[in-house]
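Numbering-wise (our numbering), the sequence shown opens with residue 1 and increments by one.
Check before you lean on any hint, since a few could be wrong.
As the list claims (entries may be wrong) - Computed list of lysine-lysine pairs in BS3-like fashion (alpha-carbon distance at most 27 Å, straight line): (1) K134 to K10; (2) K127 to K235; (3) K36 to K134; (4) K36 to K10.
Don't read these hints as lab results, they were simulated from the structure.
Keep in mind it's a predicted model, so treat the numbers as computed, not measured.
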Amino acid sequence: MADRMLADFKASGIAKHRGSKGTVREAQLLSNFLRKYLPRTVIAEHSGEVIATDGQVSGQCDVLIMDPSTPPFWDEQDYRIVPAECLYGVIEVKSFLDSKELRSACANIARLKSFPKTAYHQDQTGKSRQVYGKSWQHVPTVGIIFAYDGLNVDTLGETLREVSEGQSPELTTDSIWVLNKGFINWSSQVNGNIDPSPEPGAGIVAFEATPQEMLMPLVAHLNSHFVTAWMSALKITDYMSNETWGRCVAAWPPSPQQAVAGDSVN
1 MADRMLADFK
11 ASGIAKHRGS
21 KGTVREAQLL
31 SNFLRKYLPR
41 TVIAEHSGEV
51 IATDGQVSGQ
61 CDVLIMDPST
71 PPFWDEQDYR
81 IVPAECLYGV
91 IEVKSFLDSK
101 ELRSACANIA
111 RLKSFPKTAY
121 HQDQTGKSRQ
131 VYGKSWQHVP
141 TVGIIFAYDG
151 LNVDTLGETL
161 REVSEGQSPE
171 LTTDSIWVLN
181 KGFINWSSQV
191 NGNIDPSPEP
201 GAGIVAFEAT
211 PQEMLMPLVA
221 HLNSHFVTAW
231 MSALKITDYM
241 SNETWGRCVA
251 AWPPSPQQAV
261 AGDSVN
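My request is simple: use the sequences and hints to build the entire structure.
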């Protein structure tokens with residue numbers, strides 16, 4: 001699998017335009033890897049925007065990881081619009097990751113993670129998720145950066161440390177993966193183990209790895225985030241509160257036969 005991903009990456013270099021190369025490489029990551037190894041509790045799609053009930057709209061996202069029940073607000077020619085409540089994760093895909101690209105990707109992820117998730121029907125399951133030092137009644141958005149090549153992971157780890165300093169854990173990038181270099185995760189303040197997401201006081205740890213060594217940790221990382229993903233039923237009418245529903249031209253009261261059983265009708 002690693003050899004195939006590297007071969008496809010090199011082959012996509014034939015595209016003349018930077019945007020075309022990026023689109024091809026995002027699609028390759030999706031078809032060659034993510035759709036094969038993500039848990040079946042989620043679906044992954046290429047290219048789209050995320051909207052929130054407060055009117056916020058994201059920029060174009062490279063890869064969206066969503067609940068299978070996500071409604072098609074707009075789904076046309078491999079581009080879609082997704083409500084924030086249905087989004088479990090976003091992956092920023094880069095051909096070459098340097099410090100400038102890393103800062104930009106982290107900023108995009110932080111903004112998307114800040115989108116409110118409120119349009120749910122009342123949850124009767126009592127489920128919650130403990131992450132980022134808080135208890136959540138929904139699955140907060142995970143932000144991951146994947147690159148085919150880039151600077152050394154120790155250099156990128158220092159940039160991540162600078163970007164995340166003073167930032168709330170829930171807005172911080174969860175992990176960085178560079179196919180040709182290695183990966184960067186968070187370490188627990190309690191026991192030093194690797195955590196899928198940054199908890200308060202977490203440290204950063206960078207691993208050099210070959211492409212063959214890197215893919216299995218990435219599979220485990222994706223599984224830890226998404227195998228237990230769950231979502232309360234989406235309350236889609238919350239996205240329609242400012243829309244015109246037409247003009248009421250007539251209304252009729254209920255007939256006596258339609259009255260609730262036990263009610264008296266005079």
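Hint by hint, here is what the structure shows:
1. K134 to K10: Distance of about 42 Å is beyond 27 Å: violated.
2. K127 to K235: Roughly 18 Å separates the two Cα atoms, so the pair holds.
3. K36 to K134: Since the Cα atoms of K36 and K134 sit roughly 31 Å apart, the hinted pair is violated (cutoff 27 Å).
4. K36 to K10: Within the cut-off at roughly 21 Å; holds.
In this structure, the hints that do not hold are numbers 1, 3, in rising order.
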